[in-house]
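Novice: Single-letter residue listing:
There are 2 protein chains.
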Amino acid sequence: MPIRLDDRDARFAEGFAALLSAKREVSEEVDRVAADIIAEVRARGDAALIAYTSRFDALDLAPRTLRVSEAEIDAAVAACSPELLEALETARARIETYHRRQKPEDSWVKDEAGVESGWRWSAIEAVGLYVPGGTASYPSSVLMNAIPAKVAGVPRIVMVAPTPRGETNPLVLAAARLAGVDEVYRIGGAQAVAALAYGTETIAPVAKIVGPGNAYVAAAKRRVFGQVGIDMIAGPSEVLVIADRTANPDWIAADLLAQAEHDVSAQSILMTDDAALAAEVEKAVAAQLATLPRAGIAGKSWQDFGAILLVADLEAAVPLVDRLAPEHLEIITEHPERLAGLIRNAGAIFLGGHTPEAIGDYVGGPNHVLPTARSARFSSGLGVGDFMKRTSLLKCGPEGLRRLAPAATQLAEAEGLQAHGRSVTIRLNL
Amino acid sequence: MPIRLDDRDARFAEGFAALLSAKREVSEEVDRVAADIIAEVRARGDAALIAYTSRFDALDLAPRTLRVSEAEIDAAVAACSPELLEALETARARIETYHRRQKPEDSWVKDEAGVESGWRWSAIEAVGLYVPGGTASYPSSVLMNAIPAKVAGVPRIVMVAPTPRGETNPLVLAAARLAGVDEVYRIGGAQAVAALAYGTETIAPVAKIVGPGNAYVAAAKRRVFGQVGIDMIAGPSEVLVIADRTANPDWIAADLLAQAEHDVSAQSILMTDDAALAAEVEKAVAAQLATLPRAGIAGKSWQDFGAILLVADLEAAVPLVDRLAPEHLEIITEHPERLAGLIRNAGAIFLGGHTPEAIGDYVGGPNHVLPTARSARFSSGLGVGDFMKRTSLLKCGPEGLRRLAPAATQLAEAEGLQAHGRSVTIRLNL
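Protein sequence lines, in the order shown, are assigned to chains A and B.
Once you know that position 386 of the first sequence is 386 in this note's numbering, the rest is easy, because the numbers rise by one and skip nothing.
Once you know that position 143 of the second sequence is 1143 in this note's numbering, the rest is easy, because the numbers rise by one and skip nothing.
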């Protein structure tokens, strides 16, 4: 049974707080294992990668077979149906078009003191993209991670993807080819993260690592942060559907289950001001579960983490939405834009009844890599800016320096940094 | 003696690699202490804060004196000289003007499929600003951290700053007032970070924590990352000065020492193609050290971490600059823009002989919070975007959904996510 809360109940606040603080994964115990693996890869390079791949993926490699060859990628593309390749290309084109709009602008201005200032954006020199193996090996995620890097102008995009027992997903390789990935290695886990961060004989290091992974991958990313940049640590996926009496309960049920089928730790929440709708959605979820291939996973997610929040007034409930800070937010109400305009914290908003989250997962255009676990309070989905960095620029002439010198030297003096002050005044005595 | 390397020497590559990998701080051993402090503050709130402040800062507080009152801030402002307040206001105004140019744009576009997509930026709801106590308590850092948050529109900016033995820095409080900080608490260390992340009876939690601190503060920030956002973990400061024969050696020496006086772990590097200039700079450093109040610190930094890189050709040496990825880069050559245009990795670039880094530290306009320890390879200085987050938006109508449905459902099917496909197709059967 999903959690049911009504904001007219005395115990609502307590139940809502419990919903917010429910831990959906534990990963502290894997940190030591990840640390050991990283140390091994740093010390022994390719040999450590090969040993771990044999042990964890039951796959025996040599240094020259760590990398997936272009011929293998050709063969993978040839193995995909033309229809599927076309769908992938539709997604690629739409994702690229959307992300091109995100390219940041440089700036360079001369002010009234004659001082010139601005900044310049440049692409990160090399980026690693982690792609999970097995059931979580999603070609759509390859596109969503690689395309913004490509649009940013990253000159070297390296993908790592474990292939347990040598089983590859042809569509993942096709997506890598289509998105412009430059190198692909058949490694995974903390060992792949270590190889990307520190390099081995075969794999040159990168400057930033992105992409989702299991608890070991997440722990390894946290550990190598600083040596390289990382994207956010992704938690289980989640959706909040806000709906009023105008919404179709079958559609909402389908959306809640689309989220729930990802993972037993996924979370689907309905918030509505219509008790009748809530009841119909719950019935529809049960009915649709019966015919779902991944009913086991989706049913467990719905039972353990699903929630129905009945509220007196949707607009008045906006602070609750901001506290949940959902990764995905569907607004299926008569005036979705009005409600959306009131909400501060959400990774992505899907407006109106004809925008199921699944459209955004594949072909909408916006990125599907989004902040989970309430981190939409302070972070954003993946974008072009995550693959670039800004260098600030400043240029004074003799006159500009003379204008700014008094304030700078006074502040330096006040901070006890006399050499700072001297580096300014020494230039004034001409 | 600083390190001396010449790129025409056989052993240059080895020496340069050693320079890159030299560790300038060790902080792993403090992680456990930080973890314990965080756990205590989460469990006991204000009581823990008060106990740690008594122990570490020799200051006895009560819950109602944790916060610095408005009257105390008024008194601090009154204690500052009018000239100093004016210098602070000059800095504030220039920093604000520069950062206003960084405000990101929203986007909303309807494409040829009739699908609307875009994004919306919003300010983070509450931000915590850590300000170190003692000698590293810099009013300029208060401005540099708080102003971008204010420009972003953050409605609640909370500052924490330890006041060992109750000693406050009036100019730090004046800077907080001037920059629009909303709440100030006299706490520091890992306990202050924990209070900002989790909240106590007196201090409401924030969503992101920024600002430099000692090793305990850095370890605590790393630990609370995920619960809240954090800025980069700042390492010791560093400057690379690139100069040719047109540069003034005394000015360069002053700049190298301005960096070195920060901290014994700071690093100052000169790269030049002119051996005579290198020798003159070294002589000038020794001469200027003699009259520097912080000669002990600056001298030790120069001796332990200073370096002079002699190269045959400055343009050919650009790959070395990108590998160093300096926090601060001064280019004092005949054509500084030309060289700057070739460099990918630097936190901030100061162009020409009349732009000492110290101008940028205080009043230039750009932020002085910049990526250290080679992290300019993948990250940027602090900016307005660090205090905002982007929510992506997507809206399909019935026709747009129909156009995108085939590609989305095929990809969902290929990924084995039938509920995703169904959430699309269920909307087509009208």
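For the record, the hints were derived by calculation from the structure and aren't laboratory data.
All residues carry an ideal CB built from backbone N, CA and C; glycine is no exception.
Do not take every clue at face value.
[Said to hold, decoys possible] Partner residues aside, some chain A positions facing chain B, computed with beta carbon under 7 Å:
{"no.": "1", "residue": "GLU14"}
{"no.": "2", "residue": "GLY15"}
{"no.": "3", "residue": "ARG101"}
{"no.": "4", "residue": "SER117"}
{"no.": "5", "residue": "ASN214"}
{"no.": "6", "residue": "ALA348"}
{"no.": "7", "residue": "VAL363"}
{"no.": "8", "residue": "ARG390"}
{"no.": "9", "residue": "LEU394"}
{"no.": "10", "residue": "ALA419"}
[What the hints assert, rightly or not] Quick look at which bits of chain A chain B covers, simulated, 3 or more residues with Cβ under 8 Å:
{"no.": "11", "stretch": "67-78"}
{"no.": "12", "stretch": "252-260"}
{"no.": "13", "stretch": "349-361"}
{"no.": "14", "stretch": "372-381"}
Novice: Next, verify each hint and record whether it holds.
Specialist: So, going through the hints one by one against the coordinates:
A hinted interface residue such as GLU14(A) counts as satisfied when its beta carbon comes closer than 7 Å to some beta carbon of chain B; here the least separation is about 17 Å, so the hint is violated. Hint on GLY15(A) is violated. Least Cβ distance to chain B is approximately 20 Å, over the 7 Å limit. Interface hint at ARG101(A): satisfied, since its Cβ lies 5 Å from the closest Cβ of chain B, which is below the 7 Å cut-off. With 7 Å as the threshold, the beta carbon of SER117(A) comes within range of chain B, its nearest partner Cβ sitting at about 5 Å, so the hint holds.
For the restraint placing ASN214(A) at the interface with chain B, the shortest Cβ-Cβ distance is roughly 16 Å, beyond the 7 Å limit, so the hint is violated. Here the hint on ALA348(A) is kept, as its CB sits about 4 Å from the closest CB of chain B, short of 7 Å. Hint status for VAL363(A) relative to chain B: holds, with the closest Cβ pair at about 5 Å, below 7 Å. Annotation: interface hint on ARG390(A) holds; nearest CB of chain B at approximately 4 Å, less than 7 Å.
Annotation: interface hint on LEU394(A) holds; nearest CB of chain B at approximately 5 Å, less than 7 Å. The beta carbon of ALA419(A) is positioned within 7 Å of a beta carbon in chain B (closest approach about 4 Å), and the interface hint is therefore held. Coverage of the stretch 67-78 of chain A by chain B is violated in this model, with 0 residues showing a Cβ closer than 8 Å to a Cβ of that chain against a need of three. Counting residues of the stretch 252-260 of chain A whose beta carbon lies closer than 8 Å to any beta carbon of chain B gives 5, which reaches the threshold of three, so the coverage claim holds.
Counting residues of the stretch 349-361 of chain A whose beta-carbon sits less than 8 Å from any beta-carbon of chain B gives 13, enough to reach three: the coverage restraint holds. Using a Cβ-Cβ cut-off of 8 Å, 8 residues of the stretch 372-381 of chain A lie near chain B, which meets the minimum of three, so the contact claim holds.
Violated hints, listed in ascending order, are 1, 2, 5, 11; each of the other numbered hints is respected by the structure.
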